[in-house]
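Protein chains: 2
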Amino acid sequence: MTTAVDKAKQLLPRVIIEHVSPEIDGGLFPIKRIVHEVVCVEADIYTEGHNSVNAFLLYRKCGDTTWTTVSMIAIGNDRWQGELVITHDVDYEYSLQAWVNDFETWQIDFRKKIDAGQDVTVDILAGIQYLEAISGKEKAVKRFDVLRGQIRKSSSSAETQKLLLSEELLKLTQEIPASSTCVSYEKTLKVHVEPQKALVSSWYEFFPRSFGKNGAHGTFKDAESILPVIARMGFDVVYFPPIHPIGDTNRKGRNNARTGKTGDPGSPWAIGNKDGGHKAIHSQLGKMEDFQKLVRTAESLGINIALDLAYQCSPDHPYVKEHPEWFFKRPDGSIQYAENPPKKYEDVYPINFYCENSAELWDELKSVVDFWIDKGVKIFRVDNPHTKPFAFWAWMIREIRKKHRDVIFLAEAFTRPNIMKQLAKLGFHQSYTYFTWRPMKSDLIEYVNELTRTESREYFRPNFWPNTPDILPYHLQSGGRPAFISRFVLAATLSSNYGIYGPAFDLCVKDAVVEKEEYFESEKYEIKKWDWDAPGNLKDLMTRVNKIRKENVALQTTWNVQFCDVNNDQLIAYVKTSPDYKNIILVVVNLDSSNTQSGMIKVPLHEWGIPYDKPYKIKDLLTRDEYIWNGDWNFVELNPYKIPAHIFCIK
Amino acid sequence: MTTAVDKAKQLLPRVIIEHVSPEIDGGLFPIKRIVHEVVCVEADIYTEGHNSVNAFLLYRKCGDTTWTTVSMIAIGNDRWQGELVITHDVDYEYSLQAWVNDFETWQIDFRKKIDAGQDVTVDILAGIQYLEAISGKEKAVKRFDVLRGQIRKSSSSAETQKLLLSEELLKLTQEIPASSTCVSYEKTLKVHVEPQKALVSSWYEFFPRSFGKNGAHGTFKDAESILPVIARMGFDVVYFPPIHPIGDTNRKGRNNARTGKTGDPGSPWAIGNKDGGHKAIHSQLGKMEDFQKLVRTAESLGINIALDLAYQCSPDHPYVKEHPEWFFKRPDGSIQYAENPPKKYEDVYPINFYCENSAELWDELKSVVDFWIDKGVKIFRVDNPHTKPFAFWAWMIREIRKKHRDVIFLAEAFTRPNIMKQLAKLGFHQSYTYFTWRPMKSDLIEYVNELTRTESREYFRPNFWPNTPDILPYHLQSGGRPAFISRFVLAATLSSNYGIYGPAFDLCVKDAVVEKEEYFESEKYEIKKWDWDAPGNLKDLMTRVNKIRKENVALQTTWNVQFCDVNNDQLIAYVKTSPDYKNIILVVVNLDSSNTQSGMIKVPLHEWGIPYDKPYKIKDLLTRDEYIWNGDWNFVELNPYKIPAHIFCIK
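As they're listed, the protein sequences go chains A and B.
Quick note, the first sequence lines up with residues 1 to 651 if you use my numbering.
Quick note, the second sequence lines up with residues 1001 to 1651 if you use my numbering.
Isolated chain A, as found in the complex (with noise of 0.2 Å):
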């Protein structure tokens, strides 16, 4: 045989395996899963003609060095899918396996001929001869064995016949790989195992400097102070802004003032003083200890503290006298301060990270991680990471990995599609979206779709939230309370992972400056005094809601949302469900923040099992109204100064 044809064969072997879903970018990248979830593994498996297929999905953990194999099925125009349940925290693997069935190929014809009434003498030799060829090690061998001594035993044509047209041994045949013909494919792919709070979190964020007592900078022990009614109100995350030492050249003052008065705080995002830079604490604050003791007693309520990562330094930063070569040197000889012309922010260096002796400075950037992981934090909000080479991430967090599989990033990386996916297929665990500006019904179902059925859903996990200290969106402006809660059920049952910018969003802040999305005199520059029980607050109603999420499993994850029909495009309707059907929750949302609007809605009841003709009970989980619905349309109305939000339960 010539080489080329050797090649051919190599090619194009007799089974083809094609268009493996999921594979990220040829397998460049792992997909994600934390444990209990599933990976579907799809694939189009052929040979030529009408010869039969069959195929595994094989996975193990990784460093395993067998695989556990699962029959795929076959679901129309060769598509073939098998499932695998991630039951171990540690990494796997998955790749397939397929090959050509003749006793398969054989028993379908054979059917059609005795079904026609021919003679099959001759047949039944062939189907035994097929069956006589096929060996292997699997577990179905052995059973394969005794029918096959069955069929040499069998003592009538006829009783061979039904022998050899046995459903069993068929399936049997489908579970022992031929060996003349299997293929394998030719990539190994990875599953990266996170930790739960991946999925499904509940972020608060706030300024620990804004909760002091009677006046006084807020110090972590003010923080410490507040965390119990934090869990009480159910959220699982604390997020601070930096907690670092802020500079005092070009401190910002109030309102993004260029320059600041004597005692303005500045921003907690120009790091570094005199007192040290990404591993200090911020004087006022406290101490090391305290924040330890902070992170402890957060861990004893079930929260833990997000960091804000943050690679940038005010120009009092030590970095910048022990390390000028860090950072952009401009003609003049001055350092380059941050810039998004005509916009200056003079107060803030950003790094340079190809400087010549970027490996120093990425090992240093690294080390801030380790240190605070040290301290007992486990996730970081990583501030802009999208300003920042991609390979440094992917570099940081495989080697944080290696030795921290806990550990969380969630990139706030506002920006194009592109380069926010390039930050969850390289390794971060959770991302800002767009949801922050998707008010209008339309736009929300096409962007929920595209995050949950494309396959970003793969690697990309969203973190909805509804306001952040950088942007008070105009419908929180203008819509007020009501869009407050809509906003902030949406974000909590859409998506599993979600946060708020704490009291502001509480207390339905919506003073901006004018004809922008930022806060009218935004905390990021002052130090706040918040009325925390201030009238028409959101506490008792977030409360409801991330008990509700904590209650009912169907909206433990993000992949699941389905939408419905309803005849108001200012009405949202969305169902989602257990994998069960155990649990079942549907949440219509009013978007308009004005008006009470009603209509109809459509569930998919055939799903549910429920008959077209029964009356079924829903209730209203936030409200505790229980209804009685009948058939698939029901009428719905939601007054936006009573409550904007239905999240009901179906029994």
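Bear in mind the hints are in silico, worked out from the structure with no lab data behind them.
Be a bit skeptical, because a hint or two may be false.
[What the hints assert, rightly or not] With a cut-off of at most 30 Å between alpha-carbon atoms, the simulated BS3-like pairs for lysine-lysine come out as follows:
1. B:Lys1137 / A:Lys329
2. A:Lys112 / B:Lys1516
3. A:Lys197 / B:Lys1007
4. B:Lys1112 / B:Lys1162
[To be verified] To be clear about the criterion: a stretch of chain B counts as covered by chain A if any three or more of its residues have a C-beta under 8 Å from a C-beta of chain A, and this derived list gives those stretches:
5. 1023 to 1031
6. 1044 to 1056
7. 1378 to 1388
A virtual CB, placed ideally from N, CA and C, is assigned to each residue, including glycine.
Given chain A, work out where chain B should sit, using these hints.
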């Protein structure tokens, strides 16, 4: 720097180039083009943050050592696009390159600062620094150096500023890759450049044995004598069913009778008897010299003779005696005949491509193609390629192509989509399609859009057949002459490759076996006497349509179909235009074979540059009638008994 860092930088270089298209199965297969066709390459290209990137499409003729570069353009959302035109009949390859353009990033910011009235003294120095860092060997460097020189010599800050903002300067920097950040795409992708007829061909299939004079068995001489008629009708490929000796054993009788009567000619697909096999000629057709003369005459008329390549043997084929091991053996020692249970084809033995001495077998099968190429044949219509190994075809076609780039293979694979696509990917130049069974408007539009607007257009060239000797579709049986005309016009204008199974089509033969799509008294099993000039024949129509195809370049490609809105489901309308819009064709077909249908049709007037408020002329190239239209919606009416189609030319 640690190895992990290096690895990360390799995996994720400064500039990401991903999701390149076209790229078939990760580059496993080439795309296909003919000379003068364009390859439009796209990719997602971006770097971190808001830094500007630039990109080159690189291409070259295979074997060349230097690349031609084309600046790619950004088409939004980080997607970049570049085009290459195939100018020579050799294979091409292409790749991509991208880099960060610091000067461009700087210039964008610089303009914003000037617009904001900021002091830009230091920025000017920075811009000059970026310019000084640029070097390269590209053509652009020469002119760039002139401009850079002007800046160096500039006498005033205002002049420097103006020079630095120059569009020309920016454009030049976009053509000089920055060596420090330049990334090359890791794959080199291939373009197979194939003969013109692979894309544009009109096929006429007939059985030479049916064209004998005075009741005799037709010969090659008879066939040769009717070639001028076929050439006048405008066909440029004449395809013969197998011309080889026909087996005697189990020879089929008329109407597919299992046993023939004495004198029955048998099916030409039962190849081989004592006179020879695939390299021999059925004695009643003539001698090899006659065949070669026929091929030469055809060529002088612009016609290629296409042979049927059916790798199967009658029981009397010499291979059966000489190489019984090339066939499947049944348990009773007999050779396995072809079957599709419960149907048996006892006049045909399939070949065992995976027999033990398959190397020898494959070589012999390839030598059949070499043999006929040597006799002047350039086109092969391959019978049921999907029942033979993919690897065989990949190897065979590649080997033939090494010596004979002008040879074309058409895959007669009426089977599942993945298999049809695989055959096209591995090398078949043209493919039969589901067009044959798509009589309804919505199905036709969906299918044609699938063929022309998805990735398969890069490798799968459709050949539309309204009928074949195996298939007389139900819509032709019931629709009669109007249906034959409308299906012909559809095939010949939707697809640049089309074909008909000749006299039976020209004469609108619609008698089928009851409840089957099989011809009654099929020519496959008997010699027909066609009254080729019988009333109602379609020769004139075909002549006209083929002439229109030749005179209108818009009809010489399949990739430019654009369907129009019509407010009548029985009327289908589509536009095809040349890239320069000098040739605009609008086809309208009435799919209802019984009733006159009329409706309003919307044409893309804005694309053609015709004003909405001025009348324009359109001419029906079939009837030569002229009409004056106005605006984009116009009225059309088609009476199937007159003619069920318009082929309009828009001036």
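Now for the hints, and whether the structure bears them out:
no., hint, in the structure
1, B:Lys1137 / A:Lys329, "holds (28 Å)"
2, A:Lys112 / B:Lys1516, "holds (19 Å)"
3, A:Lys197 / B:Lys1007, "holds (29 Å)"
4, B:Lys1112 / B:Lys1162, "holds (14 Å)"
5, 1023 to 1031, "holds (count 3)"
6, 1044 to 1056, "holds (count 5)"
7, 1378 to 1388, "holds (count 3)"
When held up to the earlier numbered hints, the structure conflicts with none and fits them all.
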